[in-house]
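Asker: Please model the entire structure based on the sequences and the hints provided.
First to last, the protein sequences are chains S and B.
So the first sequence is numbered by my numbering: it starts at 8 and just counts up by one.
So the second sequence is numbered by my numbering: it starts at -7 and just counts up by one.
Keep in mind the hints are simulated off the structure, nothing from the lab.
Treat the hints loosely; a few may be bogus.
Listed next, the in silico BS3-like pairs over lysine-lysine satisfying Cα-Cα at most 25 Å (straight line) [as the list claims (entries may be wrong)]:
(1) S:Lys240 to S:Lys270
(2) S:Lys134 to B:Lys73
(3) S:Lys271 to S:Lys248
(4) S:Lys136 to B:Lys73
(5) S:Lys136 to B:Lys(-1)
(6) B:Lys(-1) to S:Lys131
(7) S:Lys138 to B:Lys73
(8) S:Lys249 to S:Lys270
(9) S:Lys139 to B:Lys(-1)
(10) B:Lys73 to B:Lys56
Partial selection, computed: residues in chain S whose CB lies under 8 Å from chain B [claimed, not checked]:
(11) Tyr85
(12) Tyr104
(13) Tyr250
Beta carbons are placed, not taken as given, at the ideal position from N, Cα and C, and that holds for glycine.
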Amino acid sequence: MELRMKNLTKEFGGFTAVDHLNFTMENGVYGLLGVNGAGKTTLMKMLCTLLSPTSGEITCNGQEILGMGADYRRILGYLPQEFGFYPEFTVQDYLSYIAAIKGLRPMVAKRRVRELIEKTGLKKAAKKKMKKLSGGMKRRAGIAQAMLNNPRILVLDEPTAGLDPNERIRFRNLISELAEDRLVLLSTHIVSDVEYIANQILLMRDGRIVLAGEAQELIDSMEEGVWSLYAQKNEVSRLMKKYKVSNLKTGHDGVELRIIAGKKPAQDAVLCDANLEDVFLYYFGEKAGEENAEI
Amino acid sequence: MLRFEIKKIWSRPVNKAALLLLAVIVLTGSALAVRDVVYYKADGSKISGFFAARRLRSEKNEWKGYVTEDVLKKMVKENQKACAQAESEDGALIARQGLSDLREWINTGLSGEGGYDYYLCDRIPEQEAASLYEKRLALLREEFAGQEYSQKEKEYLTRQYEKFGAPLYYGYADGWKALLDSQYLPTLMTITIVIIGFLVSGVFSCEFQLGADSVFFSSNYGRNRAIHAKIMAGFLVMTVVYWAAMLLFSLLVLGLLGFQGAGLMIQTNDHNWSCMYNITYAESWLLTMFGGYVAHLFILLLAQLASAKSRSVVAAVTIPLGLACAPMFLGRVPFLARVMNLFPDMLLRISAFLRDNIIYEIGGKAYGVYELLIPVYLLLALLLMPALYLWYKRSELV
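Answerer: What follows is the structure in C-alpha cells.
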C-alpha cells in the first residue's frame, strides 16, 4: 500500500491550508504533529476524499484517489477529529449502520460488529445508546467504526483528544494492535501519543511537512541542546523570554527549568537527553506553547 | 441501509411526538367533520354525527335514483306542500330535510342573475323547476360571461358544461360531502405537510448537524447507495405518513357517515353546481388525494434539497410551512391571484377549489388548473430526486 501526495495544495479563499506538499507513505504508523492551523485536518480530509485538492493529487498505488471513488473508500477507515454519531442509536445499531454504508454484507457485518465491540471493550455497552456513552467509550466506538471494513488505510484525526490518561493509554495500545499490515496516519498534538506508537513522525507547519523521520532521527536533527537547571523564581521570567523553555517545575528551593539552547544557558545547567516534546518546541517555537498545554 | 435511515428518523423522540400530534389532529379533524352533519328531530332538537347521518340517509334515500324532470316536479310539489303545512319556518325545515339537497339544486341552479334565492324552490312553478337541466348551460354561460375569462377559456368552460350528463343520479352522500366539500381536508393536508416536513427535515442535514458527515462521506457507499437510501427513506416516510393520515381521516369520516354516494356526481352538492369537472365523489377523492400527494412530494423534496444544501433543518421546516401557507394569503391580493393559483399549495386544496373553475390559456389552448398543476409538479418532484442525489453526492466538508 502506497499513498503518494504530489504537489498537494488546498486553498480556502486566500488562505493556503496545505501548500505544495510532497510525501509518500507506505505501510506503518505515521504520526502527524503540528500546531493548530498547520493543515493536519485539511490534509486528512483530502486523504479521505472529503475535500478535493485545489491543485496536485493523491495517488493510491499509482491511482488518483478521487478517480478511484468507492474503490478507494472501500479500503479506507477514518476517525475524524469531531466524531459525530447518531445519539439515539445503540452502539450495536451505530456500528451495524456504518458497516452497511461501508458495503459489508449483512453476515460479515454482524461478525465484524461483534468482533470489534469485543476488541474495543464495548461489550457491556453494546445495547446502550450512543448519547449515554462516556467520552472514552465514544472514541472507542469511533475506532471500531473506522476498523469495520478492515481498512488498508486508517486515518485517525486527534483520536485521543479529550481522553483521560487511562483511556489514552488504552487507546494507544488499541491502535498499536490494529496497526499491523496497514497504513495508519495518526494526527495529534499530544506528543507522547506518537512517541509511543508511530514508526514515522511527520512535523507539519504552515501546510508543509517540515520534517519526517523516526523519533530518534527527529531528536538528532535538533541543532541545539536540552539543558536542565535550577533558578530562583524571580529569574524565571527573564529565562523564558531568552530561551525556549520546554518544562517548568516549581520546588522548595526554586524552579527547575528545561531549556533548549545552542549553548549552556547558565553555569550550573546540565545537558540532558532530548525527547520529542523538546523537538516539538524546537521546531514550532512559541506557537507550540498553547498546544503543549495538553501534554 | 434503508432500515437504518428510517430508524434515524423514528429514533428521534421529537419525531415520535410529531407523529402523535398528527394522529391527534386527524382524529380531531374527523370528529369535527362528522359533527358538521346535523339532523333536526320533530321536536326541534338537533342531533349530529353518526346518528344524524342515519336519519338523513333514510330520508334522503327516499329520493334515490335519477332526478328526471318528473322527479323535480314531484319534489317541488312536496316541498311546497311541506311549506304550506308547516306551522313555522323551522317546522318546514325539519319536514324537508330529506329533500333539502334537491331543493338547493333549484335554488342554486335557477336563481339566475339575481343571485342565490333561498326561497325560490318554495314558490317556483313545477314546470319551471323541470327545466333545471335545460337552463343549466344558459345560466352558467351568463354567469361566466361577466368573469375575466378569455375567449378560449370560455369555449373550454362551455365544452365542459356540455359534457354534463343529465339527469343526475341522486342519493345520500353526506359522508362524501363532509369529507370533500368541507375545509377540514385542505386544512389537514396543510398540517400534514408541515409535520412531515418536520419528520424528514433531518434526513440529509443530520449528518452535518451531528458531525457524522465525515464518516458518512468517506465510507464506501457514502457517495452513492447510502444517498439512495436517504432519498428512499424520505420518500417512504412522506408516502406512508401522508397516505396513512389521509386514509385514516377518510375512513373515519366515511365509516361514521357512510360510504354511500361514491358514484354520485359532485354536482349533486349545490356548492358544486357550477363546477366544470364532471366527476363523481370517488373520482374527486382520488383526484384530491393524488394531487395532495404530488404537492407533498414536490414541496418536501424541495425542502430536503434546501436542507441538504444549507446543511440545516431550518429550510426543511420552513419551506413546507411557507409554500403551504403563504400563497394562500398572497393569493388574496388581486393582481397576485393568477400567479398564486399556480403554486403547489393549490394541490393541497383541490376539493375546495374544484368549483372555482380556474382556467389558464397556454399556447392558444385552455386548461383547467389541475390539468396543468398535477403533471407539472409530478414531473418537478421526479426531477428533484436526481437533483438531490447529485447535490448531496458532491458535498465537500470544509
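Asker: Which of the numbered hints are not met once you compare them with the structure shown?
Answerer: The structure conflicts with hints 2, 4, 7 and 13, although it agrees with all the remaining ones.
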